[in-house]
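Residues per chain, in single letters:
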Amino acid sequence: MKADPKRVLTGAHYLDGDHAAAEGALAAGCTFVAGYPITPSTEVVERMAERFPRVGGVFIQMEDELGSMAAVVGAAWGGSKAMTVTSGPGFSLMMENIGLACMMEAPCVVVNVQRGGPSTGLPTLPGQADMMQAKWGSHGDYELIALSPNSPQECFWATIKAFNLSERFRVPVLVMMDECVGHMTEKVVIPEADQIELYPRRYTKLSPEEYLPFKTGKDLVPEMIKAGDGYKIHVTGLTHDERGYPVMTWEAQEKLVRRLIEKIRLFKDELVDVEEEQTDNADVVVVSYGISSRVSIPAIQKARKEGIKVGYLRLIIAWPFPEKKIYELAQKIKGFVVVEMNYGQMVLEVERATKGKTKTILVPHGGGWVHEPEDIYKAIKEAAK
Amino acid sequence: MEIIPAVTYTYLRSKKKFPNVWCAGCGIGIALGAIIRAIDNLKLDRNDVAMVSGIGCSSRMPVYVDFNTLHTTHGRALAFATGVKLANPKLKVIVITGDGDGLAIGGNHFIHTCRRNIDITTILINNSTYGMTGGQYSPTTPFMKIGTTAPYGNRERDFDICNLAKSAGATFVARGTVYHVTLLEKIVQQAILKKGFSLVEVISHCHTFYGRLNKEGTAVKMMEWQKEHAIPIQAAAKLPPEKLKDKFLIGTLWDVDFPEYCEEYDKVIAQFQVPPEDSEGKK
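Order-wise, the sequence lines are chains F and A.
Per the working numbering, the first sequence starts with residue 1, numbered consecutively.
Per the working numbering, the second sequence starts with residue 1, numbered consecutively.
It is worth saying that the hints were derived from the structure and are not from the lab.
Please note: incorrect hints may appear among the correct ones.
Stated by the list, open to error - Calculated pairs, DSS-like style, for lysine-lysine (alpha carbon to alpha carbon, straight line, at most 30 Å):
| no. | chain 1 | residue 1 | chain 2 | residue 2 |
| --- | --- | --- | --- | --- |
| 1 | F | Lys205 | A | Lys267 |
| 2 | A | Lys195 | F | Lys226 |
| 3 | F | Lys226 | A | Lys267 |
| 4 | A | Lys221 | F | Lys232 |
| 5 | A | Lys195 | F | Lys2 |
| 6 | A | Lys90 | F | Lys215 |
| 7 | F | Lys232 | A | Lys195 |
Claimed, not checked - Quick list of simulated restraints, FRET-style, between CB atoms:
| no. | chain 1 | residue 1 | chain 2 | residue 2 | range |
| --- | --- | --- | --- | --- | --- |
| 8 | A | Pro259 | F | Pro118 | 53 to 63 Å |
| 9 | F | Lys305 | A | Val268 | 50 to 60 Å |
| 10 | F | Glu254 | A | Cys23 | 24 to 34 Å |
| 11 | F | Lys2 | A | Arg157 | 55 to 65 Å |
| 12 | A | Arg212 | F | Glu254 | 29 to 39 Å |
As the list claims (entries may be wrong) - These stretches of chain A come out as covered by chain F in the derived footprint (C-beta under 8 Å, 3 or more residues):
| no. | region |
| --- | --- |
| 13 | 131-144 |
| 14 | 164-170 |
All C-beta atoms in this analysis are idealised placements derived from N, C-alpha and C, irrespective of residue type, glycine included.
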């Protein structure tokens with residue numbers, strides 16, 4: 001299915017990442033946004049509030065982020081393609097209903113323009129320290145998908161991809177931007193609508209008598225309905241059976257949770273999305289994402305000039321983590337250098353995926369500013385030894 | 001002889017999801033009966049009814065009825081319902097909540113949904129305690145009453161739910177009890193018909209925990225208390241103040257008109273949407 005031309009702002013623009021993400025959402029067919037003002041993500045909701053009435057869609061400013069995320073899950077079951085947008089403190093409040101979205105299998109998108117933390121931290125300055133929270137932040141066991149764009153252009157595409165993946169897998173998909181990418185203004189080229197492929201909602205063709213809301217086929221993703229189209233089903237945050245009714249037994253728990261996990265894990269290979277450059281014959285591979293990937297480039301170039309074979313690997317999909325990719329490289333190289341704006345989050349995944357086959361060096365940063373390329377360069381030299 | 005079942009039975013998922021979780025003698029089932037009869041009287045298409053709830057004894061209600069039913073997180077039913085309603089405004093959205101769910105953890109959503117005046121009907125069943133977790137004190141436990149977390153008497157003041165809703169901007173506010181079932185059915189019906197945010201507080205009882213802890217007796221005794229302490233608002237106007245002491249009013253307490261949120265949003269769309277022939281989208 002192609003995007004609706006009415007919703008696609010075709011042309012070359014000069015946009016920041018926040019505005020580009022908003023345009024991506026519109027192109028993806030988003031019809032509902034609930035949000036609460038928070039720096040540095042507010043520009044996204046401001047643009048949606050202005051654009052939605054023009055092209056079709058509802059923006060509502062909720063009383064807090066607990067309510068925003070709850071409204072998004074409600075809108076998804078009401079038939080909308082729904083999104084919310086926030087930053088660290090709001091992301092923490094959304095964890096409750098991100099869990100509900102996982103349990104109710106409500107397709108939705110959450111954009112987190114990361115800032116420095118913990119707590120109120122650095123509202124106007126960048127951070128990349130919510131990466132583990134993105135994966136593990138809500139209680140209980142579940143799987144979801146998280147992307148991490150590194151330019152306004154990619155914010156546009158990542159948001160479309162997030163919607164497509166959320167419909168395909170019926171999970172919340174997180175777009176983990178950072179303040180630099182959110183507020184950086186660059187050229188963004190938006191293609192014609194017929195160049196944008198959308199994954200339609202998986203509405204059932206079964207009759208209300210035949211349909212079981214949480215029964216699945218081979219890909220473990222159930223077909224959906226929306227409230228009001230005649231199916232009169234029950235959805236709940238409680239552990240439930242295929243009918244959607246609560247069942248408080250370990251057997252029902254095992255069956256449900258296992259499926260929620262496996263519907264993503266079985267398709268992990270399909271969900272690898274990395275940008276790779278010169279990793280084939282590399283001695284050192286720099287792993288990074290978001291703004292840190294762009295800061296790594298001068299360091300990589302400097303090291304290459306000195307004859308060090310450095311590869312570049314950028315996570316576009318951070319969760320699920322591309323562990324197979326990392327393990328393949330780990331067997332061939334002298335070491336990984338992980339560049340991220342925190343004191344060690346995705347590096348733990350890199351280290352785990354290497355299974356001890358090579359060393360992993362972290363170039364940390366507390367946030368509020370980007371890395372010095374010199375620090376990255378030193379780590380590359382160290383890894384090349 | 002042909003036995004015609006009561007209308008309520010035809011709305012229940014009786015073959016799928018019974019028995020229910022409520023204690024024998026609980027008032028929530030009575031409230032459910034009144035809600036079903038109100039919906040039946042209004043001849044609403046059950047496909048068009050979405051019943052949304054949070055967490056707690058009253059919030060278990062939706063699973064038993066044959067509507068679109070959504071059982072969400074603790075306190076978030078109104079926020080969730082706001083999303084459902086905006087996504088599909090043709091739905092009659094009814095939120096079922098309790099005093100803990102709706103006023104403690106969900107208190108912020110409660111006042112803001114009243115203020116926003118979105119067309120949602122909220123039935124708040126007030127039993128003055130957290131029944132599902134075993135009788136802790138709630139925002140409506142009266143001063144000095146006992147809860148398992150207030151073993152020496154609750155030293156906090158309780159909310160007046162109807163006054164709270166009215167001050168927060170609800171356009172329709174009514175109070176009933178599970179004793180006065182006919183009145184309850186009538187006010188629920190009015191609340192559903194109201195274009196805008198409507199609140200019905202249903203005074204109920206938790207004899208299992210609150211009643212036992214406070215020595216208020218059986219379910220029947222607690223319903224007798226409701227009978228003796230509820231004064232219809234019309235009658236109250238004619239009574240001297242001393243006769244109203246320690247009593248509460250029942251009936252429609254507040255009914256005003258204010259622009260409804262979904263309709264207002266439609267006006268924004270009508271005014272600002274880009275006509276199909278306009279090429280603004282291609283600038």
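Open item on the list: Are any of the numbered hints broken by this structure? If so, which, sorted upward?
Closed with: 1, 4, 5, 8, 13 and 14
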